[in-house]
Structure formats: C-alpha cells, structure tokens
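Engineer: Chain residues, written in single-letter form:
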Amino acid sequence: MNKNFDITIIKAKRSWFDLEFVDFLKYKDLLFLLIRRDFVTSYKQTILGPFWVIAQALLGSAIFTIIFGKIANLSTDGHPAFLFYLSGMLGWQYFASVYGVGCNALQSNLMLFSKVYFPRLIPPVGQAIFAIFNFLIQLAVFFIAFVIYQKTTSSVLPLHLIGLIFIPLLLLQSIALGLGIGFFISALSVKYRDLSRVAGMATQFILYASPVIYPISEIPEKYQAFMAWNPLVFIIESYRKILLGHSSDITLEFALPSVGLTVVVFFIGLILYNKTQRTYVDYV
Amino acid sequence: MAVIEVENLSKHYRLGSIGATSFLQDFARFGRSIGLPLKEIKTNNTFTALDDVSFRVEEGEVLGIIGANGAGKSTLLKILSRITEPSSGIAKLSGRVGSLLEVGTGFHGDMTGRENVFLNGTLYGLTRSEIKAQFDSIVEFAEVEKFIDTPVKRYSSGMFVRLAFSVAAHLQPEILIVDEVLAVGDANFQKRCIGKMKDVSQSGRTVLFVSHQMQAVSNLCDRAILLKNGKIHYSGTTDSAISRYLEENITSSYQKAGLRTDRTGSGEAKLEEIKLIENQTNEKKRSWVITTQISCREKDYPLNGFLSLVIHHDGTRLFTISTMWKEQKVPLQNGMTLKWEIDTSRLTTGQYTLDFMIQLNPGDQPVDYLLNCLSIDMPDCDYWGTGRRQHPGLDKIFNDFTFEQI
Chain A
1 MNKNFDITII KAKRSWFDLE FVDFLKYKDL LFLLIRRDFV TSYKQTILGP
51 FWVIAQALLG SAIFTIIFGK IANLSTDGHP AFLFYLSGML GWQYFASVYG
101 VGCNALQSNL MLFSKVYFPR LIPPVGQAIF AIFNFLIQLA VFFIAFVIYQ
151 KTTSSVLPLH LIGLIFIPLL LLQSIALGLG IGFFISALSV KYRDLSRVAG
201 MATQFILYAS PVIYPISEIP EKYQAFMAWN PLVFIIESYR KILLGHSSDI
251 TLEFALPSVG LTVVVFFIGL ILYNKTQRTY VDYV
Chain B
1001 MAVIEVENLS KHYRLGSIGA TSFLQDFARF GRSIGLPLKE IKTNNTFTAL
1051 DDVSFRVEEG EVLGIIGANG AGKSTLLKIL SRITEPSSGI AKLSGRVGSL
1101 LEVGTGFHGD MTGRENVFLN GTLYGLTRSE IKAQFDSIVE FAEVEKFIDT
1151 PVKRYSSGMF VRLAFSVAAH LQPEILIVDE VLAVGDANFQ KRCIGKMKDV
1201 SQSGRTVLFV SHQMQAVSNL CDRAILLKNG KIHYSGTTDS AISRYLEENI
1251 TSSYQKAGLR TDRTGSGEAK LEEIKLIENQ TNEKKRSWVI TTQISCREKD
1301 YPLNGFLSLV IHHDGTRLFT ISTMWKEQKV PLQNGMTLKW EIDTSRLTTG
1351 QYTLDFMIQL NPGDQPVDYL LNCLSIDMPD CDYWGTGRRQ HPGLDKIFND
1401 FTFEQI
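Chains A and B are the protein sequences, given in the same order. Per the numbering used here, the first sequence starts with residue 1, numbered consecutively. Per the numbering used here, the second sequence starts with residue 1001, numbered consecutively.
Please keep in mind that the hints were generated in silico from the structure rather than gathered at the bench. Just so you know, even glycine gets a beta-carbon here, dropped at the ideal spot from N, CA and C. Treat the hints with caution; some may be incorrect.
To be verified - Across the chosen pairs, the derived CB separations fall in these ranges:
(1) B:Glu1058 to A:Ile165: 49 to 59 Å
(2) B:Asn1008 to A:Pro50: 52 to 62 Å
(3) A:Ile7 to B:Asp1199: 20 to 30 Å
(4) A:Pro50 to B:Gly1060: 47 to 57 Å
(5) A:Phe205 to B:Gly1070: 41 to 51 Å
(6) B:Asp1199 to A:Pro50: 23 to 33 Å
(7) B:Asp1314 to A:Tyr283: 35 to 45 Å
(8) A:Ile7 to B:Asp1052: 17 to 27 Å
(9) A:Ala228 to B:Asn1008: 44 to 54 Å
(10) A:Leu172 to B:Thr1386: 53 to 63 Å
(11) A:Asp18 to B:His1012: 14 to 24 Å
(12) B:Ser1235 to A:Leu169: 56 to 66 Å
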C-alpha cells in the first residue's frame, strides 16, 4: 500500500458546511458494492423476482384508471387514462422511493454508522441509484402498453425519442428533491420521533398536491401559481409530456423555479443530515 | 514521530429522556446561535464520559487501553474512529485509520463469502483492487477456501468469525484501532489473531488496543493507559498499568455479623465481624484474605475451640476450611481476630457464599453457627491462559493436569 499521509483532525463543532465530499469520492467502490448488494439481496427467496415491480405498476394504474378515470371521471387531458396514470405513477413512485430512503437514512443504517466511519451519504445515494432499476422496469412496462395502444387506437401521439434524453436529468432532480426532504426529516426525527409519523402522512399529502392523478390543466388558473411552488409538479408533468408526445412543451420558464427550489431543498437537507450524523449515535 | 496526538478530549452526554423540555432547550440554543437574547435553561443532568484526556502515540507503538466498564474506553475509541464527535478537545491522526469496533460489520447472510469480503473491505476504506490483491491471503487465513462462494448464512459461527476477522486483519492501515474483538473465536484462532496483530505492529504500524483480557494486552502492548471515570488514571508500562488495574478492582466484602439474630448455637462465643478482601496478584494467582473477629461471654472464659468456614458455590457446598484440619484450637476471647488466606486460583466464575462456625470439639453441637456471612462474586478469569473458558456455571473448579501421547 502506498504510504499516503492523510491527516485526520477530530474536534468538536466543525463547520456546518464541512460536507466531506472529498471522502465521498474515495469511497466510490463502496457505493458500487452497496448497489450490488441491493441487487443480490432484494430478490433473494422470491420466486417471481422483478415481476412484482411490473405487477405493482400495472395494478396501481389499473386501479387509478377505474376509480379516477371511470368512476370519478377526472380529466386526463385527452390521453388514454391507463397511459396517463402509468406515466404519472412512473415519476411519482421513483420520487416516493427516494424520499423514503432519505427519511430513514440515519435510522436504517444505524448498525453500520455506529461501528465504522465512511461518508454517511453513500448508503442513501446507493439506494437511490438502485431504485432506478425499478424505474426502468416500470418504464419498459409503459412502452409495452404504449405500443399496444398505438397499434389498436389512434388516440396516442407519436413518441419524440429526442425527449427521452431529459429523463436522466429528471431522475437526478428527483434524487436531489427526495433525499433533500427525506434528510431533513431523518435528521430531525433522530431526537424527535414524532416526525417520522409526519413523514408518512406527508407522502399522502404530496401525492395529492402533485399532478399524479389529475392533469395540471384541471387546476384553476389562479391556483396554478401556488402549484409552481411544488417542485414535483414540474417533474411529474415533464415525464408525462415526454412520454405522451408533448416534449416540446417543456420550457426553461417552467423548469427554472422547480430546479432552483430543488437545489435549495437538497442543500438544506444535506447540511442538516451531515451535521446530525456526526453525533447522532449518542441519541438513538 | 507522534502518529496520534490527543489533546484535552472530553465528551459529555445529556442524560434523561428527550421530550418537551429538551425541545425547548434546543430551540433556545438555536435562538441564541442566531443572536436572539434567550436565556439558557440550566440542567445538571449531564454525564462526563471522557474528561480532559490527552496522550500521544508514536509511530509503530502498540498502546493498550484498559479500565473498568464505564471508564470511557469505548467513548474514546468511538471518537477516534469518527463514529461520534468530542464535546471539546482535539485529536490528530496522521495516516490512514482502520478501526475495528466489531467483526463482520455489514456482512449480509444472503451474500457469498467472496461478496462479503469485498463489501466489508470497502467499508473500511479499501479499494476493490487493494482487496483483490489480498484476497487469497484473506481466505487462506480464515481457512474457508471451500466455502468462499457459499452464502455466509450457511457458515458455522466459527467460519463466519474467522472470515470477518481475516478481512480486518488484512486492512493494513497506518493506524489500527481494535476494540475487544478477540473475545470471539476459539483459542487457536485467537492466538493467530494476536500473532497477526503483532506482525502489524512490527511492520511499523501503530495499534490502539482495548481489551478486558489482560493476557492479550500484556502480550501485545508496549505501553498502556488506565482509564478511570473518564480520566487517564495511569499511563506507563503495560505490566504496571495492569497490576494497577487489578489492584484497584479488588472487591471487598464486610459484615457486622454480631448484630445478626438468625444464628444457632449454644452462644458462649459468637462471630462479631467478618471481612473479605480479594487479592489478585496476576491473572492466575488469586486469593481471598478473610479476617474474622469474635466476642465471648465473660462468664464462660477461658475457652478454646475450632473455627471453620464453609464455602458454597451456586448453592452447592464446595469445601470447608477449619482450624480443626490442622488440630489447632484457638482461644475464644473478646476481640480475638483470625486472618485466613485461601487460595482461590482454581475457583471458577460465579457467586460464592460463606458460612461460619465455632465448635469446642469435633462433632459437637456448634457454639455459634451463622449461614451466609458473606457473598462474593468471583470474576471471570483466563486460568489456562488460552482464552478458552471451562463451562461457566457447570464446572466448579479448575484443576491442573498434564498429558502426553504414549
């Protein structure tokens, strides 16, 4: 081994902005192996494996189609209801799983964090990356359904392949937003566990505050300004525009407030998370 | 060159439950930090786990850290391993730090031995190529070649521990911090672990070693620090630190037996006071020093008799010592005090109780007979020096033996 003289200074009350990014890069092999561990272990001892992800996507959209489309008769902006909900669920479920990872980041990794030092950002980032796998399965399900609709009906616009290049950017924004809010909750619920209850309720609230089961065009004009304060509106609407043939509708004007807000939320969450992880094993 | 420099390190813990009051305190602290004139809510319920600790460790040195439970050893290691932060003070570590607070951290039962080695190694900060270079020697040391591609949940506990320790033993950081991990595994493997750690230190690396096994500490360490109530109580050679530790952790027991009324016997004389001091010169040589003082009814004077002590272990009568065995009567008079010394090296761990008896002649009804005068907890000991425990709670004594192949 090369004799590298890293010097570690351990002291109290380090800066809130000491975010240990350098260490993060040193541990990139760990990030890779943790993602691989999730792959290896998540479908162990299940017979159908990734099929459950497909079943969940199909069943969820089918239920929405029946309840909100057929019974409540909510508008789907002229798109086939099943594809409308499937595309909405795609963005929502990825965000929700990353948010869940963030909310439990300190709690679910206690066994590791209390025994060995490594950058505390690695496990949640690894889990967020692993969740992309489920996202891709759902995306494949969407495309199959899309092709079926295209062949059998004339109600689907052709897909702009060029729009698909925005998907990785939207995933990145979902990670930043989901982990940002999640870290905030995880950090504060170390001392005040009441917050983990709030986190569960918040999921429901965010779902209905975002255009997953309804199109943004259904919201009266005067309330749409409020909706702009929810960064998730942009994310979910964008997936839908990309997948249902309106990708040219995504404008910078539409993107900037959402991305800006996401960056702010992410850094607040990250700073609080990082500050909390330094001593949280003393409290839990 | 000092590789580890610790200066005035302290750690305070807030005691008590977390609730509305602590919420208000947090809120007020936050308010003050942004300049609001809020008053500090004073509470006294803090616990100081580490109190102004300073020391230096030179390159290539093996430093032992010993102390009773709660002395601050774990807190110190947690801070140096960056698991938690100190409340004040500073520590400077020059070089890569490998800290081993547990073996098998991050092991997942569904993954194979090979996968776990890589995951565990990267957790300790190695890169995949560094692990690959050492992989064969890790597997060989753990003796699990045949099972390396089997999920570790099918491993025996011995195999699991061997593999986990083997990864750790191959970390090769410049500074190795080890906490109590040798308490696992069989004696043979423990010996090899100590050997491995000796190799580590001889290759110029620095080791901080915490253990309750004094044998292992004295085998491995050049120097030791004795912690007591969060402070450095003694710092010096390993042997003097260990004997200091053993000296200060003696248990003593005392009973004002004269006041007890639940006694039988004719009553011409009775036990007034009994006191026991546990005397431990080293891991293997232990004894009890017992002093017994009796009183006597004036009118019965002068009388001579035999004094006996009966030792019970976990409810079983184990043995009796008596002046009778040596055919010596002692005078039964006021204030007469006997000092007994019993070799207890061969007693195993557990609870012992003592009965006391005075007789005038062998086979007579007792003059004074008192049950349960004292009760003593015998600590665990490494009688064979191998770390191997005889069946605790089942075996009552250690017995020396020899064997040879014929």
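Engineer: Enumerate the violated hints, using their earlier numbering and listing them in ascending order.
Structural biologist: 6
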